[in-house]
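Trainee: Sequence:
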Amino acid sequence: SKVVIATKVASRSSHLSWLRSGDCKLSKDNILKAVDGSLSRLNTDYIDLLQLHWPDRYVPMNANGDFHEVFHDTENMIDENSVPLEDQLDALQTLLTQGKIRHWGLSNETPWGTLRFYKLAKQAGVAAPASVQLHYNLLCRNEVEKGFVELCRPQNTGIAILAYAPLAGGILTGKYLEYMDPTTSGRLLRFPSYMSRYRGSLAARAVKDYYNIAMSYKYPNLCALALRWVLTRPFICSTVIGANDFYQLRENIHCSMPSLGITDLLEREINQLHWKWRDPIRICQ
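Using the numbering used here, the first residue of the sequence shown is number 118, and each one after it goes up by one.
If you're looking for bench data, these hints aren't it; they were derived computationally from the structure. There are no misleading hints in this set.
Computed list of lysine-lysine pairs in PhoX-like fashion (alpha-carbon distance at most 20 Å, straight line):
(1) K125 with K145
(2) K125 with K217
(3) K125 with K150
(4) K325 with K335
(5) K145 with K217
Full structure from sequences and hints, please.
Mentor: Laid out in structure tokens, this is it:
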């Protein structure tokens, strides 16, 4: 009761070799096998929250350019090989009935896909998605705030929004700024290709401005401001952190304390920077 166990099942991917296989779809059989594997590895009888990592159908990562694909490929828009949402929902219902999962959610979904899953679940008498996990931080706000906040309001669907990458892959710690001590173990260095969305863009210039704000408001570091800002959004249920050691974990946990508040004046300054640097990771220079 003190720990919430959450995991994911991923669909096909041509560039993530550590998945079960490159052509593994979100079919009912594959979802059931994936959950059995997770239960075995986690040494547990049930999973609190099972999430579908990304859509099985063709979606260029929400067309946001995170993974280099910005425009819809019209030849792939009608994907005859994708698994119908109804079949995926059937697998989730089976797992709920078996008691292997207690809730289910989505990740990297579109507003349309999220609402479609919600409506199908309601029609079938299946528990609605509990959450949707989305990319959200000081450098990446528009997609969530303009597309998902309204959809997920309690009076609409009531789906909780989980923010991932609150530190933008580590760039919002400030440790990659040129006047900081160079780091050799950061995620941007260990996964240079995967983290390319934070390179070669206006992001570094935006980070400098956010860093200066954090220092002017006596925050211990930019990491504290970035995490606390995400956690104080009224539409964010929680966030996903990626600590490499206990020091980072303690620092991240400290940022959840109410003592690190966001004043109205600080909120205005952050929003002014947002108007200046709107989704800077999308603009390469």
